[in-house]
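Enquirer: Protein chains in written order, with our numbering: chain A, 1 to 251; chain B, 1 to 251; chain C, 1 to 251; chain D, 1 to 251.
Everything labelled a hint here was simulated from the structure, so no lab data went into it.
Hints may be right or wrong, so weigh each one.
What the hints assert, rightly or not - Chain C is faced by these chain D residues, among others (derived, beta-carbon under 8 Å):
no. : residue
1   : 45
2   : 49
3   : 144
4   : 233
5   : 243
Since the model is a prediction, treat every value here as computed from it, not as a measurement.
Glycine included, C-beta positions come from ideal geometry on N, C-alpha and C.
Protein chains: 4
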Amino acid sequence: MADTRTIQRRIWAGLYTGVKRFTWGHFLVAAIILASLILLAIQTEPELSPIIRSRLNFIDALIPVFFAAEFSLRFWAAGADRRFAGLAGRRRFTFRWVTVFDFLAFAPEIIMLVLFPELWAGARWVRLFRLFRLLKLFAMFPAFREIGMAVRDAGRQLGATLAMATLLLFSAAVMLYVAEADAQPEAFGSVPRALWWAVATLTTVGYGDVYPITVMGKVMAGFVAILGVGLVALPAGILASSFAERLRRRK
Amino acid sequence: MADTRTIQRRIWAGLYTGVKRFTWGHFLVAAIILASLILLAIQTEPELSPIIRSRLNFIDALIPVFFAAEFSLRFWAAGADRRFAGLAGRRRFTFRWVTVFDFLAFAPEIIMLVLFPELWAGARWVRLFRLFRLLKLFAMFPAFREIGMAVRDAGRQLGATLAMATLLLFSAAVMLYVAEADAQPEAFGSVPRALWWAVATLTTVGYGDVYPITVMGKVMAGFVAILGVGLVALPAGILASSFAERLRRRK
Amino acid sequence: MADTRTIQRRIWAGLYTGVKRFTWGHFLVAAIILASLILLAIQTEPELSPIIRSRLNFIDALIPVFFAAEFSLRFWAAGADRRFAGLAGRRRFTFRWVTVFDFLAFAPEIIMLVLFPELWAGARWVRLFRLFRLLKLFAMFPAFREIGMAVRDAGRQLGATLAMATLLLFSAAVMLYVAEADAQPEAFGSVPRALWWAVATLTTVGYGDVYPITVMGKVMAGFVAILGVGLVALPAGILASSFAERLRRRK
Amino acid sequence: MADTRTIQRRIWAGLYTGVKRFTWGHFLVAAIILASLILLAIQTEPELSPIIRSRLNFIDALIPVFFAAEFSLRFWAAGADRRFAGLAGRRRFTFRWVTVFDFLAFAPEIIMLVLFPELWAGARWVRLFRLFRLLKLFAMFPAFREIGMAVRDAGRQLGATLAMATLLLFSAAVMLYVAEADAQPEAFGSVPRALWWAVATLTTVGYGDVYPITVMGKVMAGFVAILGVGLVALPAGILASSFAERLRRRK
Chain A
1 MADTRTIQRR
11 IWAGLYTGVK
21 RFTWGHFLVA
31 AIILASLILL
41 AIQTEPELSP
51 IIRSRLNFID
61 ALIPVFFAAE
71 FSLRFWAAGA
81 DRRFAGLAGR
91 RRFTFRWVTV
101 FDFLAFAPEI
111 IMLVLFPELW
121 AGARWVRLFR
131 LFRLLKLFAM
141 FPAFREIGMA
151 VRDAGRQLGA
161 TLAMATLLLF
171 SAAVMLYVAE
181 ADAQPEAFGS
191 VPRALWWAVA
201 TLTTVGYGDV
211 YPITVMGKVM
221 AGFVAILGVG
231 LVALPAGILA
241 SSFAERLRRR
251 K
Chain B
1 MADTRTIQRR
11 IWAGLYTGVK
21 RFTWGHFLVA
31 AIILASLILL
41 AIQTEPELSP
51 IIRSRLNFID
61 ALIPVFFAAE
71 FSLRFWAAGA
81 DRRFAGLAGR
91 RRFTFRWVTV
101 FDFLAFAPEI
111 IMLVLFPELW
121 AGARWVRLFR
131 LFRLLKLFAM
141 FPAFREIGMA
151 VRDAGRQLGA
161 TLAMATLLLF
171 SAAVMLYVAE
181 ADAQPEAFGS
191 VPRALWWAVA
201 TLTTVGYGDV
211 YPITVMGKVM
221 AGFVAILGVG
231 LVALPAGILA
241 SSFAERLRRR
251 K
Chain C
1 MADTRTIQRR
11 IWAGLYTGVK
21 RFTWGHFLVA
31 AIILASLILL
41 AIQTEPELSP
51 IIRSRLNFID
61 ALIPVFFAAE
71 FSLRFWAAGA
81 DRRFAGLAGR
91 RRFTFRWVTV
101 FDFLAFAPEI
111 IMLVLFPELW
121 AGARWVRLFR
131 LFRLLKLFAM
141 FPAFREIGMA
151 VRDAGRQLGA
161 TLAMATLLLF
171 SAAVMLYVAE
181 ADAQPEAFGS
191 VPRALWWAVA
201 TLTTVGYGDV
211 YPITVMGKVM
221 AGFVAILGVG
231 LVALPAGILA
241 SSFAERLRRR
251 K
Chain D
1 MADTRTIQRR
11 IWAGLYTGVK
21 RFTWGHFLVA
31 AIILASLILL
41 AIQTEPELSP
51 IIRSRLNFID
61 ALIPVFFAAE
71 FSLRFWAAGA
81 DRRFAGLAGR
91 RRFTFRWVTV
101 FDFLAFAPEI
111 IMLVLFPELW
121 AGARWVRLFR
131 LFRLLKLFAM
141 FPAFREIGMA
151 VRDAGRQLGA
161 TLAMATLLLF
171 SAAVMLYVAE
181 ADAQPEAFGS
191 VPRALWWAVA
201 TLTTVGYGDV
211 YPITVMGKVM
221 AGFVAILGVG
231 LVALPAGILA
241 SSFAERLRRR
251 K
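Model the full structure from these sequences, guided by the hints.
Expert: Right under this line is the structure:
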């Protein structure tokens with residue numbers, strides 16, 4: 001049994017020592033995640049030949065299997081860490097965010113693959129599950145966690161400005177609905193429809209598929225745009241300041 | 001009479017202790033405001049069946065009644081607070097922003113409902129009054145007041161940059177009017193018309209319904225865009241810095 | 001002569017004590033500037049009746065006369081100020097920015113009005129001179145000068161980022177010209193033409209009149225947009241930080 | 001030989017004393033770089049007469065020759081500087097960034113000019129090499145290096161937010177592909193195609209050539225836009241804060 005302990009300890013040290021130091025295990029997993037995302041993008045190309053497609057599908061089915069194996073290995077190897085040894089340690093390990101994200105990176109897809117194989121190959125929305133792999137990536141790199149901490153530092157202000165931005169979006173939609181519903185029933189005929197305009201305008205994307213055409217609508221839209229653009233840009237500014245504060249304190 | 005005083009005190013403590021601590025009263029009122037806004041959005045959908053519409057109209061008419069009742073209850077219960085007891089206290093309570101916003105959340109609609117019921121159901125712009133309910137929401141949550149305080153901290157700089165942005169918008173409109181009026185009389189034939197272009201450009205929304213087509217117009221527009229985009233984004237940046245400063249001082 | 005000195009002193013005190021304290025003179029001049037700008041906007045409306053137009057033209061011609069009178073009055077009254085008394089003081093007063101801006105607010109228009117009255121009424125670009133009145137406004141309010149000072153504080157960084165943004169605009173135009181010239185000769189057939197695309201994209205205005213359609217052009221445009229948008233937004237961010245720094249130091 | 005040493009020393013002092021002090025040599029080189037870029041832009045104009053074009057081509061071929069001469073001169077004169085004297089000093093000089101950028105400003109073009117003269121005149125992508133001259137410009141002015149240092153200060157945070165923005169772009173593309181592939185196979189029929197939409201939206205450029213049309217697509221796009229716009233704007237904010245920090249420390 002001593003041999004097994006040694007292997008366990010070596011695997012834990014070599015692959016998962018923690019988020020502070022990078023190991024070749026981290027890089028392998030990160031590389032596979034990125035490769036799987038590129039694979040996901042390529043698979044959606046409609047002009048792929050059937051042979052290539054079936055091969056890509058095969059590789060694609062292997063990836064959740066790899067993540068499941070990696071998850072099991074890590075779960076087993078975690079016993080070598082004093083923090084996660086014993087039953088209580090195991091429980092603590094199970095309910096870490098890292099573990100949950102790791103689990104989501106393969107579990108929904110394996111369940112789909114086993115129970116609904118025809119959905120796996122056919123349904124498009126199944127691919128959305130693969131985005132859970134990004135969470136695994138985020139949990140792995142400490143630089144990403146710094147984003148999370150900057151968000152938490154300014155949490156209250158971010159929440160307030162996001163809520164205010166949402167209410168502003170709504171108000172803008174109501175205003176433009178009132179001004180433009182008669183002139184453009186298709187685009188502004190109801191508040192939910194006008195919301196699409198409000199989002200496109202206040203985020204300054206401005207596709208140009210909908211825009212006010214009446215004088216009153218243009219005046220309202222101009223007013224809302226000048227005041228509102230700032231408000232919608234505010235969360236980014238607050239977050240940037242929160243980052244800057246962390247940077248300053250570290251120095 | 002002792003009983004009434006106790007009820008009064010309990011209502012005040014349970015519902016309106018102030019903005020520092022949340023009570024279930026706050027959450028009930030906030031939920032009803034948000035529900036009423038969702039209701040407002042749904043009501044504008046033109047494809048609603050007449051039965052559903054009449055029911056929604058009925059609920060919609062109840063909301064200002066609820067706010068009126070809530071307002072009266074709060075007004076009465078405020079007597080339990082030492083600050084608002086007595087005639088002078090009542091007067092102080094009446095002219096608080098919170099009270100004014102609470103009043104605007106139901107009064108214009110009740111007046112409309114009683115005096116012009118046919119307008120209430122028919123006229124679209126009447127719905128704009130319902131946006132006053134948002135003020136009630138803003139007055140209720142301290143996080144929103146923090147936005148107000150950050151605005152006040154940087155008030156002078158915000159004012160100067162907003163004024164400068166307005167003057168820049170105007171200058172840009174005059175310049176493009178001069179350059180493009182002959183080529184595009186519909187879009188740039190007068191300064192007020194060119195203002196629509198200026199707003200869409202300097203807020204970087206850029207719908208694409210109007211844009212310069214002459215070489216001189218493009219050169220001017222490019223010049224204005226590079227310098228002006230920053231100026232119009234400045235208020236948001238200043239506001240974000242003001243938030244950051246508040247955050248730092250609190251720590 | 002004592003009487004004249006008293007009048008001179010009173011006018012200087014009442015109208016022009018300086019930029020630190022507002023007088024009714026400041027507000028009158030500011031109101032006339034704003035009114036003249038609104039007048040400028042209205043005059044460009046092509047649907048005005050000839051009678052109204054001729055009346056507006058008359059008022060419009062009075063405004064530079066008013067500014068000339070105000071300029072002369074101020075020049076004369078400045079003698080009451082010790083700093084501007086005597087010949088050397090006069091010279092110092094003449095070459096202040098405020099004086100230069102005041103002069104530009106009426107001189108070009110009076111010269112036009114006297115020498116080329118037919119151009120004054122007809123030529124559109126003559127209206128551009130009226131924007132000089134804005135400089136007068138800027139020189140009058142200290143809040144605007146604070147913008148100037150914030151610009152000066154971060155001058156070197158602003159210069160470097162603006163230069164870098166300009167070079168990036170140029171590089172983006174060259175790249176898209178290389179990628180798209182064959183596919184879209186009208187929009188990307190030369191570097192100057194592609195510059196219009198680069199300005200519209202990197203300022204994030206994105207009218208949608210020109211955009212890449214080839215795969216190579218889209219890849220390059222995407223790459224340039226992600227990296228470049230930040231750079232073009234940088235001057236605004238730096239300026240906002242410079243404002244924030246001034247705000248902090250004043251507290 | 002003493003004469004040669006003196007010339008060497010004078011050239012080094014007059015042209016290249018370093019990046020801290022400007023010499024007329026710096027300005028000459030900067031002017032030629034800027035002139036060469038303007039030349040590059042003019043040459044791409046398709047309406048040039050053949051005579052002018054051939055003359056511009058001649059000037060254009062001279063520029064890399066000038067840079068090669070300047071490079072050799074500098075290389076030789078560097079011996080006058082104690083840091084770059086001797087064999088080890090030469091080696092140190094050779095592998096400075098400034099030297100590498102200087103080399104790239106002429107070498108690829110001279111090689112093209114000598115080995116593939118028909119490509120030099122004809123192929124459009126050859127012009128991309130001329131953008132290397134910008135690197136020479138960046139290496140020359142210390143204000144540009146300050147941008148580089150601000151980037152390095154916030155390097156880790158910039159990296160994390162850029163990576164996060166890239167992953168968000170990808171996720172947005174997958175989401176919109178799932179929602180819109182059936183409705184708009186041309187624009188959203190695969191993830192790489194949807195990426196073009198994601199870049200245009202999250203950088204807030206919003207050309208309007210592609211946008212969601214289904215309800216589900218619009219809801220997803222709105223959600224992504226509100227949250228994502230901030231994230232993509234974050235690197236600029238972080239960079240601006242990093243600049244501000246440098247500014248503050250210098251004061």
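Enquirer: Give me the numbers of the hints this structure contradicts, sorted from smallest to largest.
Expert: The structure conflicts with hint 2 only, although it agrees with all the remaining ones.
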